[in-house]
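2 protein chains.
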Amino acid sequence: MTKIVECIPNFSEGRCKNTIDKLINTAQSVPGVSLLDVNADPSHNRTVLTLLGTPEGIKTVALSLTKCARDNIDLSHQVGEHPRMGAVDVIPFVPIKNISMAECIALAIDTGRTIAHELDIPVYLYEEAASTQRRRNLAAIRKGQYEGMAKKMQSPLWKPDYGHPVPHPTAGVVAVGARQPLLAFNANLSTSDITIANKIAKKIRASSGGLKYCKAIGIMLKERNLAQVSMNLVDYQKTSIYTAVELIKAEAKRFGAHIVGTELVGLAPAKALIDCAEYYLQLENFDYQRHVLDNHI
Amino acid sequence: MTKIVECIPNFSEGRCKNTIDKLINTAQSVPGVSLLDVNADPSHNRTVLTLLGTPEGIKTVALSLTKCARDNIDLSHQVGEHPRMGAVDVIPFVPIKNISMAECIALAIDTGRTIAHELDIPVYLYEEAASTQRRRNLAAIRKGQYEGMAKKMQSPLWKPDYGHPVPHPTAGVVAVGARQPLLAFNANLSTSDITIANKIAKKIRASSGGLKYCKAIGIMLKERNLAQVSMNLVDYQKTSIYTAVELIKAEAKRFGAHIVGTELVGLAPAKALIDCAEYYLQLENFDYQRHVLDNHI
Numbered sequence: 001m002t003k004i005v006e007c008i009p010n011f012s013e014g015r016c017k018n019t020i021d022k023l024i025n026t027a028q029s030v031p032g033v034s035l036l037d038v039n040a041d042p043s044h045n046r047t048v049l050t051l052l053g054t055p056e057g058i059k060t061v062a063l064s065l066t067k068c069a070r071d072n073i074d075l076s077h078q079v080g081e082h083p084r085m086g087a088v089d090v091i092p093f094v095p096i097k098n099i100s101m102a103e104c105i106a107l108a109i110d111t112g113r114t115i116a117h118e119l120d121i122p123v124y125l126y127e128e129a130a131s132t133q134r135r136r137n138l139a140a141i142r143k144g145q146y147e148g149m150a151k152k153m154q155s156p157l158w159k160p161d162y163g164h165p166v167p168h169p170t171a172g173v174v175a176v177g178a179r180q181p182l183l184a185f186n187a188n189l190s191t192s193d194i195t196i197a198n199k200i201a202k203k204i205r206a207s208s209g210g211l212k213y214c215k216a217i218g219i220m221l222k223e224r225n226l227a228q229v230s231m232n233l234v235d236y237q238k239t240s241i242y243t244a245v246e247l248i249k250a251e252a253k254r255f256g257a258h259i260v261g262t263e264l265v266g267l268a269p270a271k272a273l274i275d276c277a278e279y280y281l282q283l284e285n286f287d288y289q290r291h292v293l294d295n296h297i
Numbered sequence: 001m002t003k004i005v006e007c008i009p010n011f012s013e014g015r016c017k018n019t020i021d022k023l024i025n026t027a028q029s030v031p032g033v034s035l036l037d038v039n040a041d042p043s044h045n046r047t048v049l050t051l052l053g054t055p056e057g058i059k060t061v062a063l064s065l066t067k068c069a070r071d072n073i074d075l076s077h078q079v080g081e082h083p084r085m086g087a088v089d090v091i092p093f094v095p096i097k098n099i100s101m102a103e104c105i106a107l108a109i110d111t112g113r114t115i116a117h118e119l120d121i122p123v124y125l126y127e128e129a130a131s132t133q134r135r136r137n138l139a140a141i142r143k144g145q146y147e148g149m150a151k152k153m154q155s156p157l158w159k160p161d162y163g164h165p166v167p168h169p170t171a172g173v174v175a176v177g178a179r180q181p182l183l184a185f186n187a188n189l190s191t192s193d194i195t196i197a198n199k200i201a202k203k204i205r206a207s208s209g210g211l212k213y214c215k216a217i218g219i220m221l222k223e224r225n226l227a228q229v230s231m232n233l234v235d236y237q238k239t240s241i242y243t244a245v246e247l248i249k250a251e252a253k254r255f256g257a258h259i260v261g262t263e264l265v266g267l268a269p270a271k272a273l274i275d276c277a278e279y280y281l282q283l284e285n286f287d288y289q290r291h292v293l294d295n296h297i
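Protein chains in written order, with the working numbering: chain D, 1 to 297; chain F, 1 to 297.
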């Protein structure tokens, strides 16, 4: 019964092929770890890797990747559409098979402590691994971004969980945590007006009265000249992908806009997608466990 | 490496609970065979069982079910919306895991021969197991239905593959075959006018110029007072569920009708449903193997 954990580190570099290749090579260098997906976005200026492996392998690869990011990404010169506070911005651990959330929390704590001590980057623990309620939400930790961190960390409220309360000069700070699987999902709009994406994001996200398990921001995709609603669906059983999509369509209508395409960042569980098929096909009496052949073989 | 075959026998009884229960009990009586789904439809007057098991187990259960159908269903009194020629109308074998189509053809031949010899029901082999091109298509074999079989079988063209060229007096004839997985999928319309379902079925099915891998007929669902387009999608990689659904919607519009709900009869592979999610969500750069988490664990 091999324990399998997913790790989806986000790096604040989505343009420089040389750096992205170094990250990919590092990600592929650890036995027992598979690199399942690479999503590099130049507008976001961010690369998201999806890794699956044993807890030991995942810890090793997370440390190697953090070192690689620290040595190759200089946040003091980085600009991009996606908010960021570190060269490696966030490292979540997700229980996939034969492993509990408690074990993923322990893995986050262990990895976070090692990053601070060996790589000199201050670490905040977040979500399930958070040391206080205030630090559960990644957006709250990241508020102020890289440029605001030096000042923010002076406050006792924002003393890091590990390391000194001073951002690494080039690599900033990193959030390390454990969480349930989430869906990172973006919808591209038929407009280059970023204010429309911002207004739609505000309408659909939980923090301003939208869908309870939806986080959303507007982002400008410069290379396609399109505005994008960039989302995290943190409980796709309760806030389905199609619900977010249909709400975006409804909000976009008032601006004469529509969705021109969507994208998954990383992987999605089959059920999250089949829930959408069930909705759009208007399936009656459908039972995921029973009616999907793959669940029986 | 256990060989797994799927068998989806169709019985011409969808109303009498007593008979359906006997079929279910028989289906559950063989070790190594799982009954995954029971779809009994009173308007169709048909019950479709979905079974998964080893080739040996599946042969045993197919014979037991055929005997049970022969002894409990009298086609000389049966009426229903779905075309039929036998108490057990059709018995397909589908390769699922560690088994080839050739092995499923051999299983169909072996089972068909035994049904004719031990249960006295004439057998046609169909689809991949067919003895001639003319017998590949189930609809061609069934044309004339139960009532027309006695005459049809006199023709040398329609001499059965096994058994005497005379239908069993109550159980008729049965088609036994091997085939790729298909999707049995029905769409219910917002009308009780069966002629609309018939016209739509004609437009979407291959035989009259519609979708190449779609078979379709109109059926009246008396218990809901709705007309239904009842389909087999025989290659869902090439003719997707959503393609059939969108074409039905387009055709229904001219009659001021729409789809009120759909139904899977039996099971569907995850990919067939996720293809629909990909379409309706407008996913860009989606790769089923890579982006579905379940394919990696």
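Each hint should be verified, as a subset may be incorrect.
Examples of chain F residues lying across from chain D (beta carbon under 7 Å, computed) [unchecked claim]:
(1) Val79
(2) Glu263
(3) Ala270
Derived lysine-lysine pairs resembling BS3-like cross-links, with alpha carbons at most 25 Å apart [as the list claims (entries may be wrong)]:
(4) D/Lys271 x F/Lys271
(5) D/Lys97 x D/Lys143
(6) F/Lys238 x D/Lys271
(7) D/Lys97 x F/Lys271
Since the hints were derived computationally from the structure, they do not count as laboratory data. Even for Gly, the Cβ is constructed at its ideal location relative to N, Cα and C.
Quiz item: Under the criterion that the straight-line Cα-Cα distance not exceed 25 Å, is the pair D/Lys97, F/Lys271 satisfied?
Solution: Holds - the C-alpha atoms of F/Lys271 and D/Lys97 are around 22 Å apart, at most 25 Å.
Quiz item: Given F/Ala270 was flagged as interface, is its beta-carbon under 7 Å from a beta-carbon of chain D?
Solution: Interface hint status for F/Ala270: holds (4 Å vs cutoff 7 Å).
Quiz item: Regarding the pair D/Lys271 and F/Lys271, is the alpha-carbon distance no greater than 25 Å?
Solution: holds, 11 Å
Practice problem: Let me know if the C-beta of F/Val79 comes in closer than 7 Å to any C-beta of chain D, holds or violated. | Solution: violated, 25 Å
Quiz item: Does the interface hint hold: is F/Glu263 within less than 7 Å of chain D, judged Cβ to Cβ?
Solution: Interface hint status for F/Glu263: holds (5 Å vs cutoff 7 Å).
Quiz prompt | Pairwise hint evaluation, D/Lys143 against D/Lys97, where the allowed Cα distance is 25 Å at most | solution = Violated, because 33 Å separates the two Cα atoms, which is more than 25 Å.
Practice problem: Would you check the hint for F/Lys238 and D/Lys271, treating anything up to 25 Å between C-alpha atoms as holding? | Solution: With Cα atoms ~23 Å apart, F/Lys238 and D/Lys271 stay inside 25 Å; holds.
When held up to the earlier numbered hints, the structure conflicts with 1, 5 and fits the remainder.
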